[in-house]
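Produce the entire structure from the sequences given, and follow the hints as far as they go.
These protein sequence lines are chains A and B, in that order. Note that this note's numbering has the first sequence beginning at 18, numbered continuously upward. Note that this note's numbering has the second sequence beginning at 18, numbered continuously upward.
The hints are simulated quantities; they were obtained by calculation from the structure and are not laboratory data. Not one of these hints is a red herring.
Copies of the same chain look alike in the list, so a pair counts if it fits in one copy or across any two.
The calculated SDA-like cross-link candidates involving lysine to any residue, where the alpha carbons are at most 25 Å apart (straight line), are: (1) K116 <-> A78; (2) K116 <-> E27; (3) K116 <-> V138; (4) K116 <-> E137; (5) K116 <-> E79.
Protein chains: 2
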Amino acid sequence: MRIALALAAEAGAAGEVPVGAVVVREGVIVGRAANATRRLNDPTAHAEILAIRAAAAHLNAERLTDCALYVTLEPCAMCAGAIAHARIARLYYAAADPKGGAVEHGGRIFAQPTCHHRPEVYPGIGEAEAAALLRTFFASRR
Amino acid sequence: MRIALALAAEAGAAGEVPVGAVVVREGVIVGRAANATRRLNDPTAHAEILAIRAAAAHLNAERLTDCALYVTLEPCAMCAGAIAHARIARLYYAAADPKGGAVEHGGRIFAQPTCHHRPEVYPGIGEAEAAALLRTFFASRR
Numbered sequence: 018m019r020i021a022l023a024l025a026a027e028a029g030a031a032g033e034v035p036v037g038a039v040v041v042r043e044g045v046i047v048g049r050a051a052n053a054t055r056r057l058n059d060p061t062a063h064a065e066i067l068a069i070r071a072a073a074a075h076l077n078a079e080r081l082t083d084c085a086l087y088v089t090l091e092p093c094a095m096c097a098g099a100i101a102h103a104r105i106a107r108l109y110y111a112a113a114d115p116k117g118g119a120v121e122h123g124g125r126i127f128a129q130p131t132c133h134h135r136p137e138v139y140p141g142i143g144e145a146e147a148a149a150l151l152r153t154f155f156a157s158r159r
Numbered sequence: 018m019r020i021a022l023a024l025a026a027e028a029g030a031a032g033e034v035p036v037g038a039v040v041v042r043e044g045v046i047v048g049r050a051a052n053a054t055r056r057l058n059d060p061t062a063h064a065e066i067l068a069i070r071a072a073a074a075h076l077n078a079e080r081l082t083d084c085a086l087y088v089t090l091e092p093c094a095m096c097a098g099a100i101a102h103a104r105i106a107r108l109y110y111a112a113a114d115p116k117g118g119a120v121e122h123g124g125r126i127f128a129q130p131t132c133h134h135r136p137e138v139y140p141g142i143g144e145a146e147a148a149a150l151l152r153t154f155f156a157s158r159r
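Now the structure itself:
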């Protein structure tokens, strides 16, 4: 999570919403990314999506079974759906996102009968730092 | 939708789940794709995600305001989330997907207070053909 937080800080410094994500398999990082929707002109370029795509490319596999995803913010519906499709085993996220999250808020993707894979979910690790990054970022935009 | 159905048929012939998507802006196709999760080894490579990314790249814009998305199957949570992030104005889909859809099923993404953009939704156009493609594909795998 420390690396995900560093990626989030880099994204914030570059004018992107500060969120970072890391995919780990057997203790080794196989994918990492920061949110890059502006830089890439890609509305799907959330940190989780980019990290999952990087990990799948790295492992040459469509499914990231045995992988854990660390992300600094509660995933939105798009990213929670991608986590389920990728068969991520464990999801660790830092700050909750009452406004856009879809794990413990909104569509609660993993709780739906239409969700075909549910990762183990561990919220709250690094929460204070992740929330502070987001607060500072949005305060500076107002 | 006819083009999306043709893309879906191509995907099915290539061993991918047969779903196709087209993004249209002012009567012009700005992005098109078929489901390619296997070929690309990318769990996020649903037709909608690829078509949205192609359209955003083509228009050099993070937001696809004024665009319509035509897709042969009810979008899942990942794709519905992407449609909201991309600010797609109108969503046309062919077959409903009670098992994995997230528009009229499951997480009902656009109905959530955490959803920050709701497209107009028009289901059912080309439903019979889209459903037949999926039925034939899955029957051939059993």
